[in-house]
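So the chains spell out like this:
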Amino acid sequence: MARRNIHSKKKFIDPLKLDGLFDVLVNESIRPKPADVLYHYTDWNGARGILLGQHFWETAHDCTNDEAELVSAHSVILEVAGTLRKEAHGVVAATLDLFLRSYPRLQVNKLKTIYLACFTLAKDDREQWGKYADNGRGLNTERIKAKAIQNGLVSEADLEKMTEAQIHKFIFAPGFSTAAAVTSVSGRGVGMDVVRTNIDQIGGTIDIKSVAGEGSSVTIKIPLTLAIVSALIVEAAGDRFAIPQLSVVELVRARANSEHRIERIKDTAVLRLRNKLLPLMHLKKLLKIDDGSSSDPENGFIVVTQVGSQTFGIVVDGVFHTEEIVVKPMSTKLRHIDMFSGNTILGDGAVIMIIDPNGIAKALGASGSASRDLADDNAAGHAITGEQLTSLLVFRAGSSQPKAVPLGLVTRLEEIATDKIELSNGRYMVQYREQLMPLVQMDGVTVQTTGSQPILVFADDGRSMGLVVDEIIDIVEERLHIEVAGSQSGILGSAVIKGLATEVIDVGHFLPMAFADWFSRKEMRPSMSSQSVLLVDDSAFFRNMLAPVLKAAGYKVRVAPNAQEGLTALRSGQVFDVVLTDIEMPDMNGFEFAETIRADQHLSSMPIIALSSMVSPAAIERGRQAGFHDYVAKFDRPGLIAALKEQTAAPEIRRAA
Amino acid sequence: MTTKTDTIEGTVAEYVTAFIGGQLFGLPISRVQDVFMPERLTRVPLSSAEIAGVLNLRGRIVTVVDMRARLGLPKNDDGKLPMAVGVDLRGESYGLLIDQIGEVLKLREDSREENPVNLDPRMAKLAGGVHRLDGQLMVVLDVDRVLEIVPDLKAA
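Residue numbers (the working numbering), protein chains in the order written: chain A, 1 to 657; chain B, 1 to 156.
Wrong hints could be hidden among the right ones.
[As the list claims (entries may be wrong)] Label pairs and their in silico Cβ distance ranges:
#1 A/Arg624 - B/Arg90: 22 to 32 Å
#2 A/Asp290 - B/Pro116: 42 to 52 Å
#3 A/Phe320 - B/Gln33: 25 to 35 Å
#4 B/Asp144 - A/Asp474: 48 to 58 Å
#5 A/Thr568 - B/Arg90: 42 to 52 Å
#6 B/Asp110 - A/Ala618: 44 to 54 Å
#7 A/Phe320 - B/Asp120: 38 to 48 Å
#8 A/Ser400 - B/Lys125: 55 to 65 Å
#9 B/Arg90 - A/Glu415: 49 to 59 Å
#10 B/Asp88 - A/Thr205: 17 to 27 Å
#11 A/Asp348 - B/Gln23: 34 to 44 Å
[As the list claims (entries may be wrong)] Distance condition first, Cα-Cα at most 35 Å in a straight line; then the derived DSBU-like pairs of lysine-lysine:
#12 A/Lys209 - A/Lys169
#13 B/Lys106 - B/Lys80
#14 B/Lys75 - A/Lys285
#15 A/Lys288 - A/Lys362
#16 A/Lys288 - B/Lys125
#17 B/Lys106 - B/Lys75
#18 A/Lys645 - A/Lys276
#19 A/Lys276 - A/Lys420
#20 A/Lys169 - A/Lys328
#21 A/Lys288 - B/Lys80
#22 A/Lys147 - A/Lys209
#23 A/Lys328 - B/Lys125
#24 A/Lys147 - A/Lys169
#25 A/Lys328 - B/Lys80
#26 B/Lys75 - A/Lys328
#27 A/Lys551 - A/Lys498
#28 A/Lys288 - B/Lys75
#29 A/Lys285 - B/Lys80
[Stated by the list, open to error] Some chain A residues flagged as far from chain B (calculated, every beta-carbon gap over 10 Å):
#30 Arg255
#31 Val559
#32 Asp587
#33 Glu646
Honestly, the hints are just simulated from the structure, not real lab data. These numbers come from a predicted model, not from an experiment. From the three backbone atoms N, C-alpha and C, an ideal C-beta is built for every residue, glycine too.
Sequences and hints are given; from them, build the entire structure.
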């Protein structure tokens, strides 16, 4: 879930299958009727629509039989252009259209000789492209030369030194058309310069390749960031906003007394959804546009959103519908606002903001619930420092001193009726989701005999363990700084949380108490040739938390508190199979660390896995550029183990061989 | 922008004039794309107070700058709808909200004077000199400086 393989393709849009349509049109078994022809299209998924449009009408109208084939080709291209993205309408469709209008004239006069060789659409993480290729005669280089000289673009002497490809580029010069006459299919005044300008404007590129007598190809690339996304249109304080569907898990209508209800842990609003607790944030409070209109604290529309491993609920005033929107970048004057990833023009012509779930997740992580922020004046005291904050669940167990555990590690909070707790073979068990879940007690905790028993549920790969506690106190956001290392087993150390000395528990200590093989079962059999991992993290807490997990999984672990020491270890001659590094570190951050390793000739092939609390597409992309093999969220233990396995698998095979 | 040193005797500059808070301003005509009525302005939460919002102008998203806020002037309360002057900067479209559009004036460059020392500092920051007209002063707006909007720290 939280783990994202940075090599995998993002599935922003479903792939297109145009082959069928292509055949239909090219084989002319079906001729679209001019009556069908409206600029109609839907999206990548349903993009069979009709963009043949008007152009078909216009061209079919007065074309001869010779031209029929062109019309088909033309239509296919328009069709494809229409599917590229909505903006294709304005830009790409027009572009390809224009291109085709001038193109045949440039290359052939007998349209009959055009055969569509292929039309392909593809995309990667950053761009999508359409490529048109034919096996026609190619561009007429001599005519382009003559025209270039005639237009004063180049001298004859310079022309001699130019390659064909360079000469072909002249067709993008303003006012350049070799069409001798304006006809219904070409040379209607707008030239290739407009085509290129249009594409440039949206950050794309157009490339033309042509070989005389063999054919031509045109590739148009468009940045994917301008792609169409499906978005949920919501309302907050009278304004509409778009939330990308990609991060929306579900919509919940919360009502008091219903299964889904808004509750509060202290002053943090949470939603209990299928026994999971989700932190909630009011969109209008987050955006500081609260108009004061009373929002019923217990009712509301909740957009359950997931970013990396974080799931949270965005409370909105209303939900309208979903719409395919074209993401347009925010103005440079507004780009600093984390909450928005862009803006878009809706079907009714209004401009609305596109919510960036990453920004909201960041706000959740940085300041806790915005509702608390507003409700609690004292909160102003704990200013947002920009330091990395961790969500912690504070509870009491065994002693009066509060204890804490990173909320990210806790799967659920439960209150279990004491009569459901059974004693079996000296251990407390509870039937939980059709499984027997062992309960683990911390020192000094007694299982309640009446009423209900609060437990923290930790689940992993289908198995769950319940940690018995006395009382769940609060969820807080704190800079986790463990000041005193713990001497007691099961305690990582003490930290000051909300002004109180709090013991931070080591979940890794309790998990094997429920299942002795918690860390060592499945893939993690300690292998003979145990591999070694270099773990670099400036936080002692994470080093202490992860090192046992890695050891339990059968890896030899060496830790380094910063990138410099990490490099020293790597260059010391000790052999490591994989490097695991934090991103947010002082002095040299994880990206720079990875770049340094990549640049070192002895280490350049070392697998590096990034470990970060910030899992956003931008961060992943940055990681990919820095040379990380994988990017894992900090609390995503299964993801981490899977990534390690994957990155160390290859050497193992090599050794075996 | 032309500077004092390279003005040539007799050069004229054309300005689109506009009233903001009773003061006459001139925008170099070369910088003005169009003048339009801002319709369906969408406010942008967490943006600087100087950004009035964004709107759709013929398929382009235009960022609208509240010139009164930019100049530190009070909000317009005469109930009249504002106008907007469209300008471009580095490929992006902006609309400057003004109270009322005036005529286009041809003025001799050499009659442009430096900002008076007692000009309101917020205005002086955005002004590229003044022209003395019959009975009033026209402040030349430096479009680039107008668009140097620093995001509010609290909103960031």
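Structure-based check of each hint:
1. A/Arg624 - B/Arg90: 22 to 32 Å: At 28 Å between Cβs, range holds.
2. A/Asp290 - B/Pro116: 42 to 52 Å: Given about 43 Å between the Cβ atoms, the range holds.
3. A/Phe320 - B/Gln33: 25 to 35 Å: Roughly 33 Å apart at Cβ, these two residues keep to the hinted range, so it holds.
4. B/Asp144 - A/Asp474: 48 to 58 Å: Holds: the Cβ-Cβ distance is about 51 Å, inside 48 to 58 Å.
5. A/Thr568 - B/Arg90: 42 to 52 Å: 45 Å, holds
6. B/Asp110 - A/Ala618: 44 to 54 Å: Distance hint for B/Asp110, A/Ala618 holds at roughly 52 Å.
7. A/Phe320 - B/Asp120: 38 to 48 Å: With Cβ atoms ~45 Å apart, the hint holds.
8. A/Ser400 - B/Lys125: 55 to 65 Å: 60 Å, holds
9. B/Arg90 - A/Glu415: 49 to 59 Å: For B/Arg90 and A/Glu415 the Cβ distance comes to about 58 Å; the hint holds.
10. B/Asp88 - A/Thr205: 17 to 27 Å: 23 Å, holds
11. A/Asp348 - B/Gln23: 34 to 44 Å: Holds, since A/Asp348 and B/Gln23 (Cβ atoms, about 37 Å apart) stay within the stated range.
12. A/Lys209 - A/Lys169: 9 Å, holds
13. B/Lys106 - B/Lys80: 28 Å, holds
14. B/Lys75 - A/Lys285: 25 Å, holds
15. A/Lys288 - A/Lys362: 16 Å, holds
16. A/Lys288 - B/Lys125: 30 Å, holds
17. B/Lys106 - B/Lys75: Within the cut-off at roughly 30 Å; holds.
18. A/Lys645 - A/Lys276: With a Cα-Cα distance of about 30 Å, the restraint between A/Lys645 and A/Lys276 holds, given a limit of 35 Å.
19. A/Lys276 - A/Lys420: 20 Å, holds
20. A/Lys169 - A/Lys328: 29 Å, holds
21. A/Lys288 - B/Lys80: 28 Å, holds
22. A/Lys147 - A/Lys209: At roughly 19 Å apart (the allowed maximum being 35 Å), A/Lys209 and A/Lys147 satisfy the hint.
23. A/Lys328 - B/Lys125: 31 Å, holds
24. A/Lys147 - A/Lys169: This hinted pair holds, its Cα atoms lying about 12 Å apart.
25. A/Lys328 - B/Lys80: 31 Å, holds
26. B/Lys75 - A/Lys328: 30 Å, holds
27. A/Lys551 - A/Lys498: Cα-Cα ~33 Å, so holds.
28. A/Lys288 - B/Lys75: With a Cα-Cα distance of about 21 Å, the restraint between A/Lys288 and B/Lys75 holds, given a limit of 35 Å.
29. A/Lys285 - B/Lys80: 31 Å, holds
30. Arg255: The claim stands: A/Arg255 keeps its Cβ more than 10 Å from every Cβ of chain B (closest is about 27 Å).
31. Val559: 35 Å, holds
32. Asp587: 25 Å, holds
33. Glu646: 38 Å, holds
In summary, this structure violates none of the numbered hints.
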